[in-house]
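Participant: As a plain string of letters, each chain reads:
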Amino acid sequence: MAYVAVKGGERAIDNAHAWLAETRRGNPDVPEIGVAQIAEQIGRAVDRVMGEGSLFDRELAALAIKQSQGDLIEAAFLLRAYRTTLPRFIHSEPVDTAGMAIRRRISATFKDLPGGQILGPTYDYTHRLLDFALASEATVAAAPEASHPVGEMAHVHSLLRHEGLLENDEPAAAGEPGDLTRQPLSFPAPRDVRLQALARGDEGFLLALGYSTQRGWGGTHPFAGEIRMGEAVVEIIPPELGFPIDIGDITLTECQMINQFKGSKTVPAQFTRGYGLVFGHSERKAMAMALVDRAMRAEELGEDVTAPAQNIEFVLYHSDNVEGTGFTEHLKLPHYVDFQSELETVRRMRRDMAAPMAEVAQ
Amino acid sequence: MKGYNFAYLDEQTKRMIRRAILKAVAIPGHQIPFGSREIPLPYGWGTGGIQVTAAILGADDRLKVIDQGADDTTNAVSIRRFFARTADVATTTKTADATVIQTRHRIPETALRDGQIIVYQVPQPEPMYRLEPSRVETRRMHALADYGLMHVKLYEDIARLGHIGISYDYPVMVNARYLMAPSPIPAFDNPKMHMMPALQLFGAGREKRIYAVPPYTEVRSLDFVDHPFHPARAPHACGLCGAGDSYLDEVLTDDRGGRLFVCSDTDYCETRRADGQVGAEGVPVGMPGGAVEATQ
Amino acid sequence: MSETTLLSARGVSLSFGAIQALVGVDADLWPGEVLAIVGESGSGKTTLLNVLSGRAAPGTGAVWYRTPDGQLLDVHTMPAPALRRLHRSDWGFVHQDPRQNLRMGVTAGGNVGERLMAQGSRHYGHIRDAARDWLVQTEIDPKRIDDLPRTFSGGMLQRLQIARTLVTHPRLVFMDEPTGGLDVSVQARLLDLIRSLVARFGIAVVLVTHDIAVARLLAHRTMVMQGGRVVETGLTDQVLDDPQHAYTQLLVSSVLNA
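Protein chains in written order, with this note's numbering: chain A, 139 to 500; chain B, 4 to 299; chain C, 125 to 382.
It is worth saying that the hints were derived from the structure and are not from the lab. Each hint should be verified, as a subset may be incorrect.
[Unchecked claim] 20 Å max Cα-Cα, derived DMTMM-like pairs, lysine to aspartate or glutamate:
#: 1; chain 1: A; residue 1: K470; chain 2: A; residue 2: D152
#: 2; chain 1: C; residue 1: K267; chain 2: B; residue 2: E221
#: 3; chain 1: B; residue 1: K156; chain 2: C; residue 2: D253
#: 4; chain 1: B; residue 1: K156; chain 2: B; residue 2: E135
#: 5; chain 1: B; residue 1: K156; chain 2: A; residue 2: E480
#: 6; chain 1: B; residue 1: K17; chain 2: A; residue 2: E480
#: 7; chain 1: B; residue 1: K97; chain 2: A; residue 2: E148
#: 8; chain 1: B; residue 1: K97; chain 2: B; residue 2: D75
#: 9; chain 1: B; residue 1: K156; chain 2: C; residue 2: D270
#: 10; chain 1: A; residue 1: K470; chain 2: A; residue 2: E480
With the sequences and hints as input, model every part of the structure.
Facilitator: Given below as structure tokens:
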């Protein structure tokens, strides 16, 4: 009998995990990377994992990156699986991004504006030439500091609003905002839920969708009204106190996209808006989010829904990379029961076809 | 496990899932949305089933986990370990001894009895998703019991292939009201769902739906009077235990077309062999060469 | 509402913003009768068809349907499942563009059989026989039963839509410009087919058309609409041969001149 046994799953898994740990560590002659090093020196990856993992914690995100060998979707997944076990005590007050401590703030719609353009730590104007000096360790000179501190800066949209050129902020919905981590998605999905899904969504997916709107698949004539990045204060109101207290700062990137809108019979022409807000320094994601947010408002604004980015159901069901990666990779699981049943069906179909042919042959 | 609640999920989450389960039991076959949580296993690998199991598991339960009918496939091992670790519950491979059975793609051959619960892992709870991709639209179709489209699909199969071409995840009508996806079990297993004494729970984690078939509920596979439902299996007896009534896996034994058909349900097969049943290719238990060795 | 009407509308009005699409429309339809609603585009005739069939809700007014057992149903307050049931059993809807109604990825037989299956038919052979029969009735070669609609000509598609709609023997069929967009020669054949099927099965029809000739050929009675109002209604011959309202006179003469 040449039966190849399928036993031994337990030991195989243990061995695979041991091998994984060894591979993760790599050559032991090379010093092991520390979580603090990742948090400090691979900060953009940490930002992305915090955003897609929906948890603002640089150290845990750095640990997740280390544990996943830098596989950022895997890291976001680790962070989420941890996050979901945490008790929820309270909702914070809405974060006031107008009052954030600005590190970067630019507008593409005005050459200059109150508060000025602040480039901050950006790659925008670097030449993308590999810097071989970085390969060897060297001290970095401190960046020059401004002579006076940057004050609070009003949002660009608040400067445009008084003329009625720009649509107003939506009034805040009554009650608690939607939360996809507690309630399943349902339709019609209100904007708070859509924004949450986008903020958690995969950067690459949103980038492709946002980009597609720029190439005519649901175009909305976007202008980067403002992109700002810095530290915002998080406040909560403990029920026993009844007034807000500061519990810490978080780094945020916010994008206010300004979009052209021709108006209608009842609404005079006006600029509309798309909004993006993500943890950490992640401009690409915030901008893509703002484009897709605006695209998903097509129906609400009386535009034809023709492109993928405008299809709310399509975008929301497919933006989550933890869901997407799990289901794509589940194809690795055994499917031999299903396959066996398909085998039998195909064999039967072939038999059914062969029988009349055999008759003809006779 | 240190730092985590019994069976991983916190108690509030478990209560939420239990409410969804109760609703599901009250409306057989109807998909109940629930606030599915992240689980330390990936989506599509059983997160729905795991959440349902975590919500119903008690300290004195005995858990059996199978994948493709087998207790020793990697995913089954991984999930069984997860609960052994987070809930410290007793586990078993014996269908008859288990109080809760979590399964992927099979229903055990041994008939389930009153008091047992079978939890199915469901990749896609919507039975019509291939015909109508919008869940907004399929929800409306369920609400209106508008299932003509599903029958059109079966009609088309017969018109083109001569018979219904669905061999697994074969759609069923539950309690003559809701069209339901039985999860990707082979159509061979469908008849076991009908009037089953055990409670059947279905969890879809990524799609965030729970549904149920209460004990002794009518479950009918869709068909036509003149093209009746046909629960197919490979026309062989198990090579190891000789069973002629079980669902079989096909195992390739060499590169010259050699193959062996064996029970997909490992517990069923082992129990029969322990009782002395021997198939054409099998060796009696306890004889030299009868032990099946790990090869991985 | 008269004791014998099949469908009645009273005081139906509907506006879209400042535009009044329907203003105080009354309408009655008797069993087996063909009622044409004629008017130019923008006259409100398609909106009225949508309101009569429950596909759009009126601002004010009501529409009633009398079931075979004499029960009166308010089309716009009845539960959605009941209305949907009505639409797939007693009623039918023929669109100007057959692609709106047909499933283009499903064979002709499947398209015709769908309503039977939605009503609970579970015998493949019987469903197929009925599909074949209705292909013949609508002058489609029954050998095409397993072909996809995308291989059909425009006229065949429209006939397939009619077969798909009539297979359950509805009592009432709504038709929206059923011959629109077809060549003149194809139109004539289709009109002939509709006329004979409707007469043979005693089907009541509400027919929307901008084409006076279609009304003349098919309709027992005709309603003329302008600016959301019914300006004239009566027996088709009377309305078209001796129009009373100035607008009707204009419509009729423009056809004669054409």
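Participant: Please go over all the hints and tell whether each is borne out by the structure.
Facilitator: These are the hints, each one checked on the structure:
The straight-line distance between the Cα atoms of A:K470 and A:D152 is roughly 18 Å, inside the 20 Å bound, and the hint therefore holds. For the proposed pair C:K267 and B:E221, the alpha carbon gap of about 39 Å is over 20 Å, so the pair is violated. Restraint check for B:K156 and C:D253: satisfied, since their Cα atoms lie roughly 18 Å apart, inside the 20 Å limit. As the CA atoms of B:K156 and B:E135 are separated by approximately 11 Å, the hinted pair is consistent with the 20 Å bound.
Among the hinted pairs, B:K156 with A:E480 is consistent with the structure: their alpha-carbon atoms are about 17 Å apart, no more than 20 Å. Restraint check: the Cα-Cα separation between B:K17 and A:E480 comes to about 37 Å, which exceeds 20 Å; the hinted pair is violated. With a C-alpha separation of about 18 Å, the suggested pair B:K97 and A:E148 falls inside the 20 Å cut-off, and the hint holds. Under the criterion of a C-alpha separation no larger than 20 Å, the hint pairing B:K97 with B:D75 is consistent with the structure, at around 12 Å.
The suggested pairing of B:K156 with C:D270 holds, with an alpha-carbon distance near 13 Å, which does not exceed 20 Å. At roughly 18 Å between alpha-carbon atoms, A:K470 and A:E480 fall within 20 Å of each other, so this suggested pair holds.
In this structure, the hints that do not hold are numbers 2, 6, in rising order.
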